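Construct all of the structure, not just a fragment, from the sequences and the given hints.
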Amino acid sequence: MPTFVSSCKNYVRLTHRFLQLSARHRWWSLEALCLLSLAWLYVRVLPYRWWSKRLGTLQCDMTTATPHPPDSTTLQVCKRLMTINHCLGGRFTCLMMAMAAHWMLGRRRIASRLLLGTRIVSKTATEPDHTLAAHAWLTVGGHIVMGHHDDHFTPIACFMHTVAEEPKPHGGKR
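With our numbering, the residue at position 153 of the sequence shown is 153, and numbering never jumps.
Just so you know, the hints here were simulated from the structure itself, not pulled from any lab data. It should be emphasised that the depicted structure is a prediction, and the values quoted were computed from it without experimental measurement. Built from N, CA and C at the ideal position, the CB exists for glycine as well. It cannot be assumed that every hint is accurate.
Label-pair restraints from in silico Cβ distances [claimed, not checked]:
#	residue 1	residue 2	range
1	T131	R26	38 to 46 Å
2	G89	P47	25 to 33 Å
3	H143	V12	36 to 44 Å
Given below as structure tokens:
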């Protein structure tokens with residue numbers, strides 16, 4: 001069990017590492033922390049029908065017309081979110097991570113798709129008792145950039161932000 005002193009040392013080390021970042025990466029880290037916190041509140045407190053409207057346009061076609069590799073900004077946004085999640089002990093789910101990345105990329109005018117999927121999981125190989133597993137992941141240009149998985153999930157919903165629309169995670173006007 002961590003002691004108070006070891007916890008303080010960890011916070012001092014994290015603060016020191018944060019201050020060594022460039023101004024842009026510090027801003028992105030704070031933005032990532034705020035959007036992850038907002039996603040956590042949405043998922044844990046509010047009903048799905050309220051916050052699903054803030055994920056973008058619900059789209060039926062889940063194929064990508066022109067696949068292309070993600071750019072460096074996309075990769076940096078995802079790296080920043082994963083770093084924040086790691087520093088906070090992995091408290092955020094795949095859905096929360098995908099939501100925050102979706103919003104951050106939308107603010108940077110990068111089109112992305114947030115997909116929600118399910119698969120049936122057997123408890124044991126001999127037992128016919130099955131459970132449903134859910135997963136969320138984010139794609140940019142046909143490539144999964146957040147929430148990597150082994151392709152055993154079947155997409156059931158796809159929310160898209162196009163380059164022209166900027167997401168409003170708080171629901172208000174700008």
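Hint check results:
no.: 1; hint: T131 x R26: 38 to 46 Å; result: 42 Å, holds
no.: 2; hint: G89 x P47: 25 to 33 Å; result: 27 Å, holds
no.: 3; hint: H143 x V12: 36 to 44 Å; result: 37 Å, holds
Hint violations for this structure: none, all hints satisfied.
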